[in-house]
Amino acid sequence: MKSSSFAYRRAATAEEAVALAREAGEDARFLAGGQSLLAALNFRLDEPCMLIDIGRIGALRGIRRVEGALKIGALTRHAEIAASVEIAKHLPLVAQAIHEVAHPAIRNRGTFGGSIALADAAAEMPACALALGARMHLLGPDGPRRVAADEFFLGLYETALEPGELLTHVEIPIPPAGACHGFAELARRRGDYAMAGLAMMLGPRTGAGRDWARIVFFGIADRAVRSPSAEAAIVAGAAPEECAACATDGLDVFGDMNAAESTKRHYAAVLLRRELDRISDEENRV
Amino acid sequence: MSAPVQITLSINGEPITATVAPRMMLVDFLREVAALTGTHLGCAHGVCGACTVRLDGASVRSCLMLAVQAEGTEIETIEGLADSGAEADLLDAFHRHNAVQCGYCSSGMLVSAAELLAQGGVPDRATIRDHISGNYCRCTGYQSIVDAVEEVARTRAGKAGAGA
Amino acid sequence: MSVTTRYDRPNSYIGKSVPRPNAVRLLHGRGRYVDDKVLPRMLHAAFLRSPHAHARILRIDAAAARSMPGVVAVFDGNDIAQVMTPWVGVLTHLSGMRSPPQPALARDVARWQGEPVVMVVAHSRAAAEDALERIEVEYEPLVPVCDMQAALAPEAPRIHPELDSNLCWERKIEVGDVDAAFAAQGATVVERSFTFGRHTGVTLEPRAVIADYDPAEDRLTMHYSGQAPHMMQAVIARHLNMPEARVRVVAQDVGGSFGIKIHTYGDEMATLAASKLLRRPVKFVADRLESFQSDIHARDHRITARAAIDGEGRLTAVEIDDITGIGPYSVYPRSSGIEGNQVINLTGAPYDLPAYRARLRVVFQNKVPMCQYRAVGHPIAMAVMEGLMDEMAAASGRDPAELRRLNLRADDSYPSASPQGMRFADLSHQACLEKLLDLMDYKTLRAECDRLRQQGVYRGIGLVSMVEVTNPSPMFYGVGGAPIAAQDGASVRLDASGAVHVSNSITEQGQGTEAILAQIAAEVMGVDISTVHVVTGDTAVVPYGGGTWASRGAGIGGEAMYQAARALRQQILATAAAILQTRPEKLDLCEGQVVDADSLEPRIPLSDLARMVYYRGNELPEGLQPELIASRHFKVSDYPFVFTNGAMASYVEVDPETGMVKLLGHWVVEDVGTILNEKLVDEQIRGGVVQGIGGALFEECLYSQDGQLLNATMADYLVPMASEMLDIHIAHVVTPTRTSELGAKGAGEAGTAGAPGAVMNAVNDALRPLGAHMAQMPMTPERILRALGRV
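Residue numbers (my numbering), protein chains in the order written: chain A, 37 to 322; chain B, 747 to 910; chain C, 6 to 796.
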């Protein structure tokens with residue numbers, strides 16, 4: 037299992053990477069952490085003509101506090117996310133979810149941006165980005181642009197990234213005071229892609245309900261997906277069982293080898309009810 | 747298009763310069779070019795952990811890295827860990843606990859275990875199991891490996907405590 | 006046993022947990038696995054494999070591949086067949102078994118997805134893989150026959166047109182009045198249908214071979230990652246039409262085998278043929294995808310079984326119908342019939358059982374070939390019988406432990422035999438069960454389960470009483486015409502420095518073979534274990550024998566070692582007595598010296614004795630041979646197999662909302678006879694248990710309807726990893742076998758044999774209050790939810 041031949045170029049800047057990509061055409065790939073790409077190459081599932089190594093572009097690495105948000109460089113490694121005090125303080129959802137991403141050696145090498153750009157339907161980070169209403173900073177031949185998470189994840193491994201366009205940063209708004217998060221996933225083994233997962237942000241309490249809610253399921257559809265029905269039910273103050281009952285209403289759910297469509301719908305509902313129960317218990321205790 | 751690339755890096759403290767095809771995996775570079783066969787290839791898709799080595803101080807899968815990406819880095823393989831004596835207590839504990847059967851997972855397992863131990867303290871058994879959860883061992887059932895890591899953590903913590 | 010009364014002497018190693026001397030270099034990264042070796046002029050092979058489960062090969066166009074850079078040769082099935090004959094995987098004592106000749110590379114028809122079709126030999130593996138992409142094969146897809154039950158239908162397409170059906174072998178057993186027992190008044194009868202999925206070995210080191218043909222000497226050396234060098238030597242010689250003596254098989258370090266690496270594989274055989282054709286070394290290392298598609302798979306049974314107890318709770322009859330799918334060929338040379346044969350031979354073995362009926366059907370199908378893998382048939386036989394025991398206990402209102410107590414063969418009842426004709430001796434089912442219940446604190450655990458159920462927590466306990474076939478005699482394979490030795494040989498010699506060199510035909514796969522050989526030799530020879538040097542795995546060096554399979558290393562190879570060391574010891578004592586002008590019985594060996602038997606006073610160091618024999622033979626008394634070497638072979642004679650027995654328990658919690666199973670406890674009490682090295686025995690059991698848990702909860706080769714293997718990666722095929730596994734508590738009962746002087750039985754497979762049944766019973770115990778029942782392995786979360794009616 038050896039990959040087919042390809043050319044290799046190392047880019048010193050994001051601009052150079054984008055220029056190289058334009059030159060090389062559609063069969064070139066950006067190489068960041070490589071933890072998914074190189075596995076696909078080894079299986080010859082993908083046979084690019086060129087890899088453009090962006091791994092050493094320092095400007096794309098690190099976590100910065102900006103106005104009301106954290107701006108995470110695309111090349112920031114999962115291990116750096118896990119170790120970040122800023123993330124732990126401001127984005128506890130990400131801090132919790134990052135530990136479910138694969139295994140230590142993968143987290144040492146894999147990048148936050150790589151995970152977002154790959155958009156695996158069962159991956160944790162795209163789900164978190166969606167739940168947190170992240171904004172993706174892209175750089176293409178025509179310059180930079182920003183795309184909201186809601187418009188970024190389009191389908192199975194499909195994103196708003198145009199050919200040759202590079203994800204440079206992910207800007208995640210810091211949730212307002214009174215918001216809380218929930219996260220849970222069901223995987224057959226530690227570190228495996230989840231059979232079903234839930235990443236959610238709930239706005240401050242308003243009576244029985246919530247100011248807003250962003251309920252995201254992963255591992256059940258072609259991408260991380262929000263559940264409008266569950267969000268509406270939560271905002272309206274419905275009981276956890278009722279919110280869970282409509283968890284996947286209107287969503288296109290797809291089965292896989294570990295769980296059929298109906299099982300995934302069941303799991304989504306169980307995860308949501310359990311997390312809502314937990315939050316409710318904790319808030320009542322305070 | 748796929749022209750060979752010259753790279754220079756440090757492996758186990760020794761500099762090496764070589765010209766490699768871009769597609770060469772780091773694990774193949776270590777085994778075939780540097781002739782360090784202690785690092786093993788088990789699955790080539792990053793799941794089994796047999797190829798785990800230390801790169802600039804952190805454990806990485808050498809099947810999910812290209813040799814060209816290792817330019818300028820410092821790599822330590824099992825040969826380096828063993829020869830330096832830095833992990834002698836860990837190797838000895840693996841031996842005494844029979845935390846090795848066929849030996850094929852051992853180099854990757856040791857790199858992962860050493861990484862956990864370097865964090866200090868005495869991790870509980872669930873934490874040890876968690877840290878090696880990306881390293882497949884078909885032979886032992888893992889318990890003896892957990893025993894060995896736990897014992898070394900305790901001993902090192904004891905020594906650290908005594909020295910403080 | 007004299008060997009167990011010498012604990013306190015210096016150099017007594019037998020029975021002690023000596024760390025493995027040969028493990029240090031593995032930990033230092035200094036192993037020598039096949040893929041670590043690089044030979045001059047060596048080429049690399051890669052295989053184009055059939056993408057279809059069943060297809061006629063109409064045309065192969067390899068012209069473009071041949072002209073690719075680095076490519077040296079491209080061979081198809083016809084090319085290889087010029088130098089290599091096909092093989093037939095049947096054993097004559099499994100009467101009526103049939104399987105057509107199997108070629109190294111498919112010719113005319115490919116019969117499983119992954120069957121090798123074309124071989125490329127190139128200067129690098131990458132170049133060989135590049136060339137594979139340029140080969141065009143035109144296939145005519147044929148109807149795949151995948152479901153084993155459907156394969157037996159009269160209208161089913163035949164995988165081998167020359168056979169009248171897809172049936173490979175059928176066997177029936179009937180002993181006692183089974184129908185009367187089931188019809189009897191007051192009988193409690195339970196019937197269940199079980200499904201055991203396919204899984205596979207997933208050795209961390211994939212199969213690997215270097216074939217090195219030297220035309221100057223007409224000699225072929227195979228660097229082999231495997232278990233049975235002499236068997237491979239015979240197989241290679243036969244099918245490459247070479248004298249056996251011109252074939253050398255060398256196995257150095259092996260990265261796990263578990264029964265995967267003891268079969269004849271087309272890709273490995275083609276690699277040997279290619280080396281002969283190209284007259285230079287060729288390496289083939291299976292990649293992980295190829296491993297899943299070509300390593301033998303295991304299990305794959307559908308079983309209906311029923312059992313009855315009378316009003317007192319005594320077993321009266323068991324009936325089992327097993328249908329098992331083996332892929333398109335019976336695997337050579339061990340056949341694919343043994344797995345099912347073991348199932349019907351061993352079901353009910355731990356119990357007094359008056360009546361038994363069984364039917365086994367072994368069926369061809371278009372999937373990866375199935376063959377013997379760790380614990381061959383045992384996990385099925387144990388899970389079925391122990392599952393029925395628990396169901397009968399529940400149906401008759403008895404405690405599962407109590408029902409076993411009532412029915413286990415009594416520890417004072419040996420020798421005895423089962424209805425199937427299995428002969429038992431020196432077993433301890435009752436003692437093992439009692440020790441197990443004590444070890445796990447069964448009563449407290451039971452009470453905890455009951456209490457937690459009131460709180461909506463569903464925990465369960467599963468018990469298993471079991472046997473394991475170990476130390477087989479020639480009645481296993483040799484009697485059926487296979488070139489498989491049931492005996493093993495040991496050789497031991499003293500060198501001029503007083504060091505002890507031993508060689509043995511059993512092989513090291515990581516289980517500690519070389520350690521126990523060193524322990525035995527060091528103790529008998531009265532030397533420090535560091536002065537013993539062990540060689541295994543090379544047909545040019547070691548005595549002729551069987552290798553590693555059927556948990557036979559310690560019991561057979563170890564006994565041969567013991568006898569050889571005893572013989573050399575006698576030789577040394579006789580020589581020393583002649584030199585020292587005393588009688589041999591007045592002398593002993595201790596700490597590298599010949600010593601006075603009573604006082605242990607040193608008389609002459611072994612090194613001095615050896616130097617006198619080798620260098621100054623003129624000083625030796627007249628007629629004394631100048632030799633310090635002995636060899637002995639051993640086979641089990643009085644019984645076809647030496648059975649071991651044990652008892653096992655699993656404690657689990659099932660989340661009825663998710664179907665997730667959490668393992669909370671696992672206990673094993675095993676009687677392996679004399680324990681040579683407890684640490685190694687325990688590690689065999691633990692590793693075996695985890696492999697068994699893999700089959701029970703995680704591992705399955707998933708196929709599409711048309712025979713495509715869907716999960717041929719380690720991301721999708723789930724092996725047990727550290728986080729989900731648990732600490733396993735082990736205790737022993739020791740009943741040495743009387744078939745040998747050492748008294749050691751085998752230990753390699755018991756864990757895998759018993760664990761699946763224990764876990765299944767525990768899950769069912771947890772589910773029982775919810776009215777659900779699992780009878781399919783692996784017990785995936787989704788299957789549990791289905792059983793609960795939740796999805």
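In case anyone wonders, no lab produced these hints; they're calculated from the structure. Watch out, some of these pointers could steer you wrong.
[Said to hold, decoys possible] Label-pair restraints from in silico Cβ distances:
| no. | chain 1 | residue 1 | chain 2 | residue 2 | range |
| --- | --- | --- | --- | --- | --- |
| 1 | C | Gln154 | B | Ala834 | 33 to 43 Å |
| 2 | C | Ser198 | A | Asp285 | 52 to 62 Å |
| 3 | B | Gly867 | C | Pro74 | 25 to 35 Å |
[Unchecked claim] Examples of chain C residues toward chain A, derived with CB under 8 Å:
| no. | residue |
| --- | --- |
| 4 | Asp135 |
| 5 | Ile178 |
| 6 | Val180 |
| 7 | Leu669 |
| 8 | Ser728 |
Just so we're clear, the structure is a prediction, and the values are computed from it rather than from any experiment. Note that CB positions come from ideal geometry on N, CA and C, so glycine has one too.
Hint by hint, here is what the structure shows:
no. : hint                            : verdict
1   : Gln154/C x Ala834/B: 33 to 43 Å : violated, 58 Å
2   : Ser198/C x Asp285/A: 52 to 62 Å : violated, 37 Å
3   : Gly867/B x Pro74/C: 25 to 35 Å  : violated, 54 Å
4   : Asp135                          : holds, 7 Å
5   : Ile178                          : violated, 37 Å
6   : Val180                          : violated, 42 Å
7   : Leu669                          : violated, 17 Å
8   : Ser728                          : holds, 4 Å
The structure shown violates the earlier hints numbered 1, 2, 3, 5, 6, 7.
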